[in-house]
Amino acid sequence: MTETPTELTLTLDGEQVHAKDGETLLDVCRRAGKEVPTLCAEDRVDPMGSCRMCLVEVEGQRRLQPSCAFKVQAGQVVQTASDKVKRHRQLLLSMYLADHELDEDDLPRERGTGNQLRQHVLDHGTGPKLPAINAPREYRMENNPYIHFDPEACVLCNLCVRYCDEVEAVSAITLAGRGAKTTIATADQKGLLDTTCEMCGGCIAVCPTGAMTEKPSLASDFREEEVVRSTCNFCGVGCQVNLHTQDNKVVRVTSPPAGETVNDGNLCIKGRFSMEFIQHEDRLTQPLVRGDDGALHTTTWENALKVAAQGLMGVKEKYGADSLGFISSSRCTGEENYLLQKLSRAAFGTNNCHQCAAT
Amino acid sequence: MQKHNANRPAVMDLLEHHGGLAPGVSAKVSEETGVPEADIYGVVSFYTLLAKPGVARVCQGISCAMAGSDALADALQAKGEPYEKVSCLGYCDQAPVQIDKDMELTKHGPRGSITPDDPALPINLGGQDDASYSALKAFEGMDPDAFLDQLQGSGLQGRGGAGFPAWIKWKAVRNEPIGTRYVVVNADEGEPGTFKDRETMLRRPHRLIEGLAIACKYVGATTAYIYLRGEFPAPRRALELALAKARPHLGGLDIRLTMGHGAYICGEETALLEAIEGKRGMPRLKPPYPTQVGLFGEPTLINNVETLACVPEIVLRGGDWFKNLGKTEAGSKLYCISGHVEKAGVYELPLGATLNELVQAAGGYVGTPKAFSPGGASSGFLPMEHADTPLDFKGLTKVGSMLGSAGVVVLNDTVDMAAAVRWQQIFFEDESCGQCAPCRIGCRMQRQAIDAFIESGDVASLEHTEDLHWEMEEGSICGLGMVASLPLLTAQKHFPSEFEGS
Amino acid sequence: MFGAGAMTNSIPEIRGTDLMFVIGSNTTEAHPIIAMEMKRAKKNGAKLIVADPRRIWLADIADLYLQLKPGTDVALLSAMMHVIVTEGLHDRAFVEAHTTGFDDLVASVQTATPEWAETITEVPADDIRQAARLYASTEKAGIYYTLGITEHSHGTDNVYGLANLVLMTGHLGKEHCGMNPLRGQNNVQGANDAGASPIYYAGYQRVDDPAAQAKFEAAWETPLSPTPGMNLNVMMKHMGGLIRGLFIMGEDIVLSEPNTERVEAGMNGLDFVVVQDIFLNETTRFADVVFPAACFAEKDGVFTNSDRRVQRVRKAVDAPGEARPDWQILVQLAQAVGYPMPDYQHPSEVYSEMAQLSPKFSGISHERLEDNVGGLQWPCPDPEHPGTATMHTEGPIIGKAPFQTIAYRPSEELPDSNFPLLLSTGRTLYHYNAGTQTRRASGAIAKQPQNFIEMSRRDARKRGLDDGQLVQVSSRRGTVIAAVNISPRMKRGCVWMPLHFPEANTNRLTNDVGDPVTQTAEFKVCAVRVQPLVQAAK
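From first to last, the protein sequence lines stand for chains E, L and Z.
Okay, so the first sequence: first residue is 1 according to the numbering used here, each after it adds one.
Okay, so the second sequence: first residue is 1001 according to the numbering used here, each after it adds one.
Okay, so the third sequence: first residue is 2001 according to the numbering used here, each after it adds one.
Just so you know, the hints here were simulated from the structure itself, not pulled from any lab data.
We put the beta carbon where it would ideally sit given N, CA and C, even for glycine.
All the pointers check out, no bait thrown in.
Pairs of lysine to any residue residues, derived as SDA-like cross-links and limited to a Cα-Cα distance of at most 20 Å, are as follows:
#1 K1286/L with E59/E
#2 K1028/L with D2060/Z
#3 K318/E with N2268/Z
#4 K2400/Z with V2106/Z
#5 K1003/L with D2060/Z
#6 K2491/Z with S2411/Z
#7 K1279/L with H1004/L
#8 K1003/L with L2064/Z
#9 K1279/L with G179/E
#10 K306/E with E2322/Z
#11 K249/E with E2322/Z
#12 K1245/L with Q1128/L
#13 K2447/Z with L193/E
#14 K318/E with G2240/Z
#15 K249/E with P2320/Z
#16 K2237/Z with G320/E
#17 K1052/L with P1082/L
To give an idea of the interface, some chain Z residues facing chain E are shown, with a C-beta separation under 8 Å as derived from the structure:
#18 I2011
#19 P2012
#20 A2030
#21 P2032
#22 R2183
#23 G2195
#24 W2220
#25 G2245
#26 F2247
#27 F2291
#28 G2301
#29 N2305
#30 L2330
#31 L2333
#32 A2334
#33 Y2430
Label-pair restraints from in silico Cβ distances:
#34 W301/E with P2228/Z: 32 to 40 Å
#35 P128/E with E1240/L: 49 to 57 Å
#36 V77/E with K1394/L: 21 to 29 Å
#37 D103/E with P2449/Z: 38 to 46 Å
#38 D105/E with G2321/Z: 40 to 48 Å
#39 Q2345/Z with W301/E: 15 to 23 Å
#40 D83/E with A1244/L: 54 to 62 Å
Full structure from sequences and hints, please.
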């Protein structure tokens, strides 16, 4: 459908770099290793250019231009670190700080998932300290078990809204109000549970400042979490997940970054949030054997294995190997399924083995 | 994501029909249009006429404020009647004004003046409106390239404020690859001090329609939109009548009237397109420009009412004729004047007329003039030493101001400049769309700064205004943020004694 | 199909397609992440055709929505084939080069006009025509389906019908096309691949193939039976008869299998039952021994997803109490009955053994998966092979693929005066299968606290039922209680229920009659009646 884009050359901070027609300046800057800060840029949604962090100087343009949306052109001369760009970044960061909850060091407060605004302030510095603007923002989306929104940490990059509309496509949230009163809201300021929200948590994943966070792990310090990469155990998509653990508990689930996995950074409510079962008090913790009273009783592994072996071998001896059936699980690992058929065929001598689901 | 075949452009009319912002309305409109409910809530909460429907509105624009509109608000307050103080309503010549829930004027001063009938003027507000569509017929007999030569030769610049040569946009849209294209009339007149388009639509609607029809024919559009500000019911009626009368001349051209719902920012051309599409009026990034990617993604020519109204006479009398009407730049110009002058109104003068010439047409100053805004809030304030500076696009830029929409407001020495600044900064804070950080945060900060200064008399309150202005100008997406600090900055610059503090 | 039972193409290819034909798959609920790819394709300008009796969410954004009567897919697909061959829209070169039996197929669909199909499916003939033309004339066009196709008494015919469409239009072996069954569980594909099947060893090697038998006998050092075993549906029917003992790993068969009453009776007729699971469930009520197992977050291994992608599962936390990973328990049980199963130290050793015996994935190992963060897609025959995103690029791997003629026949149990409503069942976004995991998740409980029955406003009004009212839903096999959910998504005469609620088990209603080839039960069509709950009966 698309033709091969033409190669072109432009000048980036004094050096000749190659680019393809259709790319943005940000694409080129990233490839060249330039540190162009962003807040509202995200590959999975259309550029909006509203956070203004990524502005660069383009020769021939009267004003600074958003590199996330500005397309490359042959012969362009672009500066990412000129005095003008630097002054802009610092003043803009000063303005953001005046509209953001700060910690005792006057830095953007760390959130459950990190705060890129804080990092930008540390990396690029700020201009003068400006008085707080105390923007009046109405918000009430709290009625839901998973997603917490804190407008004091919101930079209105609109990524959550764009993700919700363009990627998850349920469009449960919106920019609402106008001017300094603008905020993220649901229709009629309803709780998320009463909207089209499907609680995929994508808003959390794309939020650059942690204004959107996981309620269950609000109190958890993300810097103390260990992260183990695994595969989600629900449907057949095979989403890659990062299991965040603390004190031998799974406290948070996130997706590895977009671009390298089948889920491309996305998760659904089950993958991201439905992990309470892992630490649930109903989990089986000991082998059980049915007693003469008809009830299940806890026992040792040794005994449980012995009873099971005797019981199954008893059936085999009485009715033959093919009177036994082995039902495997599409929920278990490949190795386990392999071992179950091996158990069925090699240890008991029957091909009566099948997994629970044909699809 | 919206449903297949969703009808987004219907959103705003339906919201108005169902009573604006109220529980359940977004859901209802969502069901009727296939647009997500949250999107609709985003829209209804953006536009003041939808977000707070059914109340009286008192203008707090600078001319009305100077004429005592606070008293109107106080009277409503005393009666316990629900009302809202709103940005300039576009009746500065009749200040102070108040409108009712149906947008009709309920309180106003005497009607403003206009230049008397003079057939030598291209718009000639005082003349009899001509529904013969002779210019359209003449255009149809012309070679398009010959027409473009005339348009280019006329030197016609966009009268909405930017002063961009009209012919370049016309040519650009015409030259786009074959396909749908649109012409959109920007009739969302809202710059404080400006009411010329209102008078044009009331008095010479056929001038506009004829100019629009010529534009459509030239660029190859079969559908056009007139985006009219919602607080203008009288111009709406005039346009509707005129459109009905014009229909036989238009050869099937579909001209649609879309009403605004209370957002100054929709006068910004790309925000206007968003509004017609049924979205929040947030300006788009440029490039791409509307001439390439405009309404519904198609090439679109957007012109101001006055710009299009100039076109018929250019067709009939030629580009040179028009050009020579001007003094320092091409053509005549509708200047609005209000504030401390004898006869506020709209005067069609050679482009490049000075303040003193304009005020002369308006019967002279009231009191001792101290300052003026040549082009609405966005142009900041100038001291009287510029009373003989030509009011044109290029010249005013050189003195750190701009002609903009030519909404001239005169302030006499009874006005405290800090108070005047405050009115303008309130305007920008209220009207910033909130999309980009420099404007959203900066507009509020500048308003808070002037408030703090007025309250405390402490000049330290104003120490960051220049830095903020720099960032708002460099960093904002659209023109609103770029100029929003000018009232404060220019007042500080030209009237330093009033900002020395106590 | 075409030589391998899996998605022919890859999930990431969806975003680049120009047309999606989604049939019998409520993708946004059952496979939300794949649905995101579809939404992205739509946003990029792809066309979308949805065929489903329920007006599912995707139907809202579809360019063409075909609301067919449940169980009439064969008629719809036959008519689409009819349009394609009569209008000459088929890919002659592909048919010639890569298929057999085309002439028979053409003859078989001769009378299957869209007008005929309209009388059966209730889909307007013109919409059928338009769908066929769009699908046939779009170069990058993919078919996506799930259990709405397979869980029928004619599920095999449905699949054949789709395969015929793919073959006649040459939508095979090319990027962004293909025939794509979306797998319901995390490792359905992997379980099949690993040989959890009555007829195949790991790697789709038949148990009745002497060469395969010899290979596995040598590897496992024991004689093996060459007689194909019973599949799950057959085992279920023979419980208490031919089947006297069951070993069940990680599956709540009492909740998940159709016709619960019959399953329960069968379980009671067994001599001995071992269940290995992470929670007590409906099935453990019948168990003699219950082994506590580790869940996915507590063990290592691999899952294979819908697009044949082998990916790692890694241990993040310790299993609770004395619970053990399933693989360890299986080894210990084998050893307890005297079979010398090796003492594997880690699942990677098990995987190596399987890979050595299975050419399809012999190039895959845990070690390679560490470096391939996006997983490896089989076929992957050697350690240098990059894996296979799009299959059949050199033509069907079985050589020439045969067209299969199909003929419409009604579902086994259709509504009548006693049971006037047609019930389909399925999954919801919030819950998962037997609910063991999601019924313990606060979000899912908040969104969907109890079993419900979706019905059209007219059907509800006819019975005097209000939204949210509790009703008794009965079929010839049983009765459950559910809350009425009046929904514009439902066709008149059709109702729909989810299958996640043990206390109101929808499978007490469903029919266990199976497809003649796969024995997959007809979860998607049975007849029910709905009555207000009699309060006194409580």
